[in-house]
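**Q** Order-wise, the sequence lines are chains A and B.
Here the first sequence is numbered in our numbering, starting from 1 and rising by one per residue.
Here the second sequence is numbered in our numbering, starting from 1001 and rising by one per residue.
It cannot be assumed that every hint is accurate.
[Claimed, not checked] Listed below are several chain B residues computed to face chain A (Cβ distance under 8 Å; list not exhaustive):
| # | residue |
| --- | --- |
| 1 | Thr1014 |
| 2 | Gly1015 |
| 3 | Ala1023 |
| 4 | Ser1088 |
| 5 | Thr1202 |
| 6 | Ser1287 |
| 7 | Tyr1307 |
| 8 | Gly1346 |
| 9 | Arg1393 |
[As the list claims (entries may be wrong)] Partial pick of chain A residues on the chain B-facing surface, computed with a CB cut under 8 Å:
| # | residue |
| --- | --- |
| 10 | Gly15 |
| 11 | Asp74 |
| 12 | Gly284 |
| 13 | Leu413 |
[What the hints assert, rightly or not] From the derived model, a few chain A residues whose C-beta atoms are all more than 10 Å from chain B:
| # | residue |
| --- | --- |
| 14 | Ile12 |
| 15 | Ala48 |
| 16 | Glu100 |
Since the hints were made in silico from the structure, they are not lab data.
All residues carry an ideal CB built from backbone N, CA and C; glycine is no exception.
Number of protein chains: 2
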Amino acid sequence: LIAEILSTGDEIRTGALIDSNSAYIAETLQATGVFVSRHLTVGDDVDAIEQALKEIANRADVALVTGGLGPTVDDLTPEAASRAAGVSLVLDRAALTAIEGFFQKMGRPMSDSNRKQAMLPEGALRLDNPIGTAPGFMLYIGACRFFFLPGVPTEMRRMLAEQVLPRLSAQEGGNRRYYPVRTISTFGLPESVAGERLVGLTEEFPEITLGLRAKFPEIQIKLYAEGDDETRAHDMLERASEWVARKMERHVFSTDGSPMEAVVGRLLRKQKATLGVAESCTGGLISHWLTEVPGSSDYFLFSAVTYSNEAKIRVLGVEEESLLKFGAVHEEIVRQMAHGVRRVSGAAYGLATSGIAGPDGGTDEKPVGTVCIGLATPEKVEARRLFFPFGDRTRKKQMFAMTALNLLRRELLGDPVELWHTNPGAGHRSFSL
Amino acid sequence: LIAEILSTGDEIRTGALIDSNSAYIAETLQATGVFVSRHLTVGDDVDAIEQALKEIANRADVALVTGGLGPTVDDLTPEAASRAAGVSLVLDRAALTAIEGFFQKMGRPMSDSNRKQAMLPEGALRLDNPIGTAPGFMLYIGACRFFFLPGVPTEMRRMLAEQVLPRLSAQEGGNRRYYPVRTISTFGLPESVAGERLVGLTEEFPEITLGLRAKFPEIQIKLYAEGDDETRAHDMLERASEWVARKMERHVFSTDGSPMEAVVGRLLRKQKATLGVAESCTGGLISHWLTEVPGSSDYFLFSAVTYSNEAKIRVLGVEEESLLKFGAVHEEIVRQMAHGVRRVSGAAYGLATSGIAGPDGGTDEKPVGTVCIGLATPEKVEARRLFFPFGDRTRKKQMFAMTALNLLRRELLGDPVELWHTNPGAGHRSFSL
């Protein structure tokens, strides 16, 4: 089964928006045994879309198309599809009812432009969109089966899973191939070093394809297996995954694609432990990540985002003298912050950050990229200073936050990070965990 | 000048890697007056690449190709290019010297596989790569001029700027066209309603192209102008932009692409005002957004992410009685939180959120999606309750955070939002700002 993916929209065509839908669809299709041969992007131009649909119909068995199903004048995909298939647009009463129902449920009036979304090419099979107004549809153009989905990622993903994949499985019949994938998430090694550690994998496992993906600040190692026999493909993947885990040692934090905050959350929950956070330079990012995990209120109690010195003193009990003596970015300060937030929140663990995310605020002694991380446990209070010279403010915040969570993770595992500890003022030292 | 973009590689084809190169190239080309009509992706397959090159040669004036120039066996682009152009691969001595020099500079031995990178299609013009081993090259296939660049983003970007853009400007000569773009960011209207308000734009400004982009939770209205005369294109854009701003009224929060947190930050700075935030359901996201803005420490003092009731009481001084009486998600509680964080931080404004982001924790009276927002100003303390039924936990957090910042923005503008105010327990009411 050969598939192509078409994304439509001027936003993607002009580069204003990065096309993440196509990658998501490709990964999903490959994982279910469909070979994706091409992705194509065209703009909101009915002729360009029509032309692209006709070309794809000549090459592929199945095609996934995203975008252009909305209510506005630049949503032209149904029109282009009907032209390419040589049929008219007709009102789909069930689609209209579904759209009306959607607005009723939301308690909002439905506008005329939404009515347009119920116009589908004649002969198309409507695909329900349970979380939006734009219905999708399935339509044959020549011998190729097209699935048209909305461009809104959450809607597209849900409809891909519920409406497209079951139909594709039915289409394949006996010729199924398997493309299982494993994601091994690591933190703390540069991509080139991670790559070098993996030399020899392809000799050891010739049927496994290796992909390295810098999903900053983590590095994901992706292993792709392929075969007609599902069990054999999974076994091979399992063995290759163990090989990789040995090479990457403690830098691996998950082997199921879980993000760092979910891993830390699971460890806290397992140990019935709770956490308080004191953030300066990370500005709330650690708390934001932690609270992205459903159920995090079970272990995450409180975070103090203390940007001002005043807040550090008043809320966390940091000593004014220490701030005057050391400045806010210092091991002593994060030690007091971690201890303070542990005390204020009543949590088992206190985690604290103070640093310089830039672009301004750096000095010779404490350049932009310097961060101090404090960790208070039931037994001790520790602090480290690190330096990350790469990237902009956003990336530095991410690197600082990830490093702090990783320190906590290793502590919870009873396998604390042995960091070298730069002296105050040691300045430009590079990063190593 | 019509351009197409081709990205090659199994990582992109299979969706393991999102293709950000094509968006970057498209945006750069459009900004310099080149119309990008299509992006295409194929895998590391010499036949597929050759076929794609031939198709593009028939349609486009210029093409940018990324990937497949590396030293390994799956780097096949030069081979495919030579086939598509009907020429042989020949050793480029200057390229070999450059690669040798690169390794010398790095103090690393050069491998035989790197020698392969000096083999270019006959008649190609080598393009220097100052920061990597893979040279690029320029080659005509038919009447279309192809630029082949490495897939590594930093190398690609540098070579695009230094090697490609100057040559494109020369190619265009007098035929330069201009494609200025304007981004108008709005919040508080659903996409379909925003679209309806813009009906008539294309009649009024036939030369302007309209794009609506749901960059959740904001809606961006993009206006694309086009013309040979730069001043005229910009004037037209300006007038269309004013037309849109009138139609969208107070829902517009920026006309230069600035995010909400930057707009709020500018208003605070202008008024020499400061801010403290108390976040429950938003979990640190408001603080994270605010601190993404360089210099935000000038006005952002402190945020208390009080996930536990204990923290609300201890840090913000919320009354235990009130929590027992009303529950944590209530107008009275966010009023106390906003007042408390204003007092604790010493800021001019206090902003507070408490709600249910889900997936669990909802009740009939307060379903998942309910949020209360409190705002303390030097004059008053206010609170509202809202309900957002859409999306998952992440989206609800984003919607809650954006709504809170928007309330503050309107307050700072002296034009406060007049929200209807549901009674406690009014339940499923939809959203309107």
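**Q** Looking at the structure, which of the earlier hints fail to hold?
**A** 4, 13, 14, 15
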